[in-house]
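*Asks:* Please build the complete structure, drawing on both the sequences and the hints.
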Amino acid sequence: MAKKMKKNPIKSSKYESIRIAVDIGGTFTDGLAVLAPGGRIWVAKTLTTPRDPGEAVSTVIVDLLKQVAAGRGGAHPAVAEVVHGTTLVTNTLIERKGAKTGLVVTKGTRDVLGIGREIRYELYDLNLVIPKPLVPDALRIEVDERLDVEGGVVTALTDAEIGRLIDGIGKLGVQAVAVCLLHAYVNDTHEKKIAAAIRQRFPGLSVSISSGIAREIREYERMSTTAANAYVQPQVTEYLERLDGRVHGLAPGAPLRIMVSSGGFTSSKAAAETPILLLESGPAGGVLSAVNTARNAGIDQILAFDMGGTTAKACVVVGGEPLIAHSFECARVSRFARGSGLPILMPSIDLIEIGAGGGSIAHVNDLGLLNVGPESAGADPGPACYGQGGTGATVTDADLVLGYLNADNFLGGEMKLRKDLAVAALQKLATRLKLAPTDVAWGICNIVNENMASAARIHIAEKGHDPREFAMVATGGAGPLHVMEVARKLQIPRVLATIAAGAGSCLGLLAAPARVDRAWSNPTLVKDIDWTKVASVYADLRADAENELESAGASTTSLQWWIGVEMRYAGQGHNVSVSLPWRKIGTAMSAALLKEFERNYRKLYGHLVPNAAPQVVTWRLTGRSVVKSHQFTWGDARVSAQAVMRGKRDIWLPLKRKYAPVAVYDRYSLKPGTRISGPVILEERESTLVVPVAADVRVLPDYTVSITIKEF
Amino acid sequence: MKKTKFDPIALEIQWKRLVSMVDEASAAFVRTSFSVLVREANDFAVVLTDSQGRSIAQSVLSIPSFIGTLPATVKHFLDKFPAKTLKPGDVMITNDPWMGTGHIHDVNVAMPIFHKGKIIAFAAVVSHMPDIGGRIRNAGIRDIYEEGLQIPRLKLIEAGKPVQALLDMIGQNVRVPEQTLGDIWAQVAACKMLEERLQPLLNDINLDELGAEIRSRSEAAMRKAIKAVPDGVYHAQTRHDGFEEPILINCTVTVKGEKLAIDYTGSSLQVPRAVNVVPIYTFAYSAFAVKALLCPDVPNNEGSFMPISTSAPLGSIFNPRYPAASGGRGMIGHMMVPAIMMALADVLPERAIAEGSSNSSITVTGEHRGRPYAAVNFMNAGQGATKHREGFTMLSFPSNLSNTPIEVFEQMAPVRVIERAIRRSSGGEGRHRGGNGLRFEVEMVADTPMMASMIMTRFRTAPQGIFGGRPGKVGALRLNGKSIDPAEHWVLKKGDRVVMETAGGGGYGEPV
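Protein chains in written order, with the numbering used here: chain A, -11 to 700; chain B, 4 to 515.
Below, computed lysine to any residue pairings styled on SDA-like, alpha-carbon distance capped at 20 angstroms:
#1 A:Lys591 to B:Lys195
#2 B:Lys19 to A:Pro362
#3 B:Lys230 to A:Asn353
#4 B:Lys8 to A:Leu423
#5 B:Lys19 to A:Asp427
#6 A:Lys451 to B:Lys195
#7 A:Lys422 to B:Ile12
#8 B:Lys19 to A:Asp454
#9 A:Lys95 to B:Ile421
#10 B:Lys195 to A:Glu450
#11 B:Lys195 to A:Asp454
#12 A:Lys416 to B:Ile12
Derived by calculation from the structure, the hints in this document are not laboratory data. Treat the numbers as computed from the prediction; the structure is a model and nothing was measured.
*Replies:* Following this line, the structure appears as C-alpha cells:
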C-alpha cells in the first residue's frame, strides 16, 4: 500500500534513523514506522498469519521499509529498533494450544489448581461452565516440604525427596514444568533447588517457578500464573527466537523489543523468560497511544476509549499515568463475565472490556425491549451490509443507515457496503417492535452508546473519580464514530481523536518506555518491618531490574524508579496502594510510608481507623526509562494546502431527531490549526469521526483532532 | 402488551441509565466499605424505588438474599414515617430481621429523594456489617437478644442533621465501631450519590410511569415462563441435620396458570437456635430458585416476582415468632432452593438439579504473640448433577462465598493447613455423578489456646439424587480423629488437628 509521494526526495542523513512497531491482532497485523528526527510516520497492514505469525511481521516490515525508502532514492535510514506487540500468548491460552505442562506443589495442595476459589461468576445461571485448569490432575506432583508464613522451614526438602520428584517428572512426558510451593513468595530456596535439579536432569524442559514469576501471596492465583507461564513458554521462546532471526535479516543490528501488559517494553530475552507478561500487550499499546496524544495536548486526566469490531475498551488515566491493576484474568469461559477466566498475577494496564463493537447484534429480549450485543457478527459473516450472508442488524448497519458511515469509503473504498441489506435487517426488528427502521437504527446506536457509557461510568466510580473530570481519547476503527455520543452521555466536554486511529496500538508501542516490574509479598506490621532485609531484597530486585532494562536498550543513567507498597490495617481484606519515588530504604522510610498510606486511606474512606495497626502486604518496584512526548506527522503527502470538503451528506442528528446535511471532509487534508464547526464528518481510511452536534473542531499541531462539545 | 407512552427503545435507554446509576452508587459503596463480605461476596444491595417504595432498579451484583427485600423495607419505613412527614435530608435505618433481610447483621438505610418539593423516589442500601455486637455468629445462639444490637425503624439523619444519640448507641454496642459506623456512612454516601446522579434526569423522566412499565414487562415475562410449566401440585421434602433432632423442610409448589405458590406447611416448628428463617428471606430464596430455573434473565424487581408467593404457618421454621434467632438463617434457608428444584424435577427434567449443600465454615479467634486475631475460612460442598452434566465439585451454591487462600489463612491466624483436597468419589453415583466435596485438615500451631467455631451441614443427612441418582456422601467433623459436635464452641491447643469434610452432591439418573 505504498502512498503517492511528493517529487522532491528528502536526503537521507546519517543522523536519521527509523523505529518500527508491529502489532499482531486477531485479524490484521499492523505496522508503523517513524522517522527520527521529525516524527514522520508510515503505516502498513496485512492479514495475520496464524500458522506462522512471524510471516505477517516480516511482510509488514518489508512494506514499511519500502515506503520509507520510496522517494529517498530507494534507501532507508538504519532501523534503530523494532517494538512488537502480539496476541500470541492470549490466543495460546484461549485455544488451549500450549505445551503439555507438569506442576510441582507442596504436599496437601495438589488439588488447589482444580478447586480454585469455589465461587460462581454468574448467580442465576445454573449451567455455567467452570474453566478447566491448564494442568490436569494426572500431571501434578506433590513434594514433601513445608515452609511457614515467615519462610521458616517446617519440613526440610531432602535430596531423597528431590530424587523421587525428578523420577516422577521423567514419567510425565511433559515439555514444561511449573513449580509453586506454599509461602515461596517469602522464601524461594525450595523452589530454586527444585528448579535447578529439574534443569540439570532435563535440560530441554521449560521450568517456571512461582517466586520468579509472581512473588505474591495467594497460592491459587500464584499457581495459576506460574502454570500459565510454563504452558506458553515453549511456543513463545521458539516464536521469539525465529522472529529475532527474521528481524535480523531485514534490519541487521536492530534489536527486537517486546511490549508487556504494564505499558512498557522489554528485551525479547526477558520476554521469553516471563512470557505471561505479554498477555495484554496490544490493548496496552492502544492506551499508551491515547496517553501520548493527550500529553501533547496538555491533558493528563483522560478516559482512553477504544472501539473495534466486537469489543470496546475503556481505561482511566490519572495524572498522565494509566491505572495499573496487579491481577488480570485470561481465557474467560464467558468473555464479559468477571471470574470466568484464569487468574494471572501481573501488572497490567487496568482496562475494562465491553461487548460493544461494530459487529454487535441487536435483538429483542424477554421483556420485549431492544438490546444490543454482546453477541457479535464478527468478521464473518459480519454485519448485514457486508453482503457476506449476515442477517442480524448490527451497530455497523445502524451507523450506515444513519449516514455516519460512507458506503463507498469503508477501508478507503476497498469494501463496498450495502445499505439495502442493512435496511432489510433493520426492517425485521422494526416490524417486531412496531417502529420505523430509522428509529430502530438510532435505537441500536443509542443503546450501544449507553452500554459503553454505563460500563465506563461504573469503572470510573470503582476508581473513585467523576467522569466530568475527564477528556476522552478515541482509538480503534469504531471509536471515532461513537465517541461523541458516549462523551455526551458521560457529560465529558472534550474529545480527542488521534492520528492513525486504526493503527493506534502501534503508535503506543513507539511511545512506550522500557519498563520492568518486580514484586515481593511479605505481610508484616509496619512497626515490625526488618528494614535491613527489605533493603537487601530491594537491592537485589533493583539490580535484576536494571539488568533487564539495560538489555531492553534503556540507558541506566536515565531510569526512573518507584517503590510501590500495598498496605492495609491488619485484619482488613483490601489493600491500599502507596507509591513513593525511589529513596534510601531504611527505618527512616517508615514515616514517609505511613504518611502516604494515611493520605491515600483518607482519600478512599474519608477517615482513618484509630488504634489500628498498619501493615505492609506486598512490596513492588517499578523501573522505566523516561517517558517522552512523541509528536507524529504523516510520512507521505496526504495533507494538502486546502481543507478538502468531499461534499455534504445527510446524517441523523440526535438532538434534532432528524436527518440533515452536514459537511464531510477528508481528514488527511486538514492541516494543524484548521477550525471547523460541528455537526461535521471527517473521513479517513480506517475510520470516520462523527460529530453529530454543535462543537468546536480543531486540528492540533500533532494532527490530533480536538473537539469541544457545545451542546449536551 | 398494553399501550404506553414508552417505546421499547426509549424505555430500554432510560431504564439502563437508571440501573447504571444504581450500579455506579454500588461501585462507590464497595470501594469504601470495610466489610470483607461486601468486598468479596457482594453481600449488599442498592435499590432505587418509586415514591411508594416499589422497586425501579436494583444493583446488578445483588445476591439472592436481597431479592425484593429493600422495597419491602422502604414500605415498612413509610408505615412508621408517613411520606408527608419526611423532609429532605432525612435518612432512616433499621436492622429488624422481619422488616429487613432476615438477620440483624444486615443494616438497611433509606433516603427520600425530592423533586419540586415532593418525594419522587427512595434510594436504599442494605449491607452486611463488619460487626453488630452480641455473640460471634454461631448456630447455637438461642434468641435475638444474644445476636447483637437491634435497631428498630429510626431516623439516622433528621433533615440533614445526624442523630448523634443513635450513632453513639451503635458505636458503643459493636466491636469495631469505626468500621461498622464507617459502613453505615458509606451507605448514606451511596444514597446521596444516587440522588445527585438522578436529579438532572428528573425533568425528563417520569419515574412512576417508568417503574410501572418495567414492572409490568418483568411480570409478563415471569408469567409467560410460569405458564410454560404444567399446572399441578408438586412436592418435595428434605432434612437438615438439626440439633437435638433433624429439621424438616417440606415444600409444596402449586403451579396454576401464570401463578406459582410455594407453601412450607409441614416443615419443623421454629427452634431456639439461630437458624430460623423469617418470611422475607423465605420469599427471597424461593424466588431465587424460581428465577434461576424458569427465567434467569428477568431483572430483580417486584414485577418479576409478583406471580410468585410463599407461605408457612406462623411459629414454623419458615415463619418464626419474635424473638427467634436468625443469624444462621442461610443454613436452613439455602435448602429451600434444592427442595423447590426437586419438587419441580418431574415436570422440568431438563433443568432440574439434584441436591447439594450450602457452605460450611471454620472461624478461629484468640491471641497470639500478644495480639488478638480472628479469621474465617468458608468451605463449599459438592453440588447436584443434572441431566446434562455432572455436579460441580466444591462450588458455592446457592449463596456465593469464596474460600480463604491457605497462605492468607495462615497469615491471619496461628494455623497450618495440612490439606485442602477434593474428596474423590464423594459425589453420589448416577448417569451423571454428583460433585465432590472437600477434605480440609488444619493444625493449631500457637502456644495459647484458640477458640474455634465450625458451621457444618450435612453430616447426618445426605444430599439426595434425582431420577434414580444416588445420594452424595455425608460430611464429617473430627478433632484429633474423633467426631465432634459443630453446635459447640471448641478450644484448641497446640498440635490439635481438625478435619472438616463437606458432603458430595446427589447424582442424576440410574448409574450405568
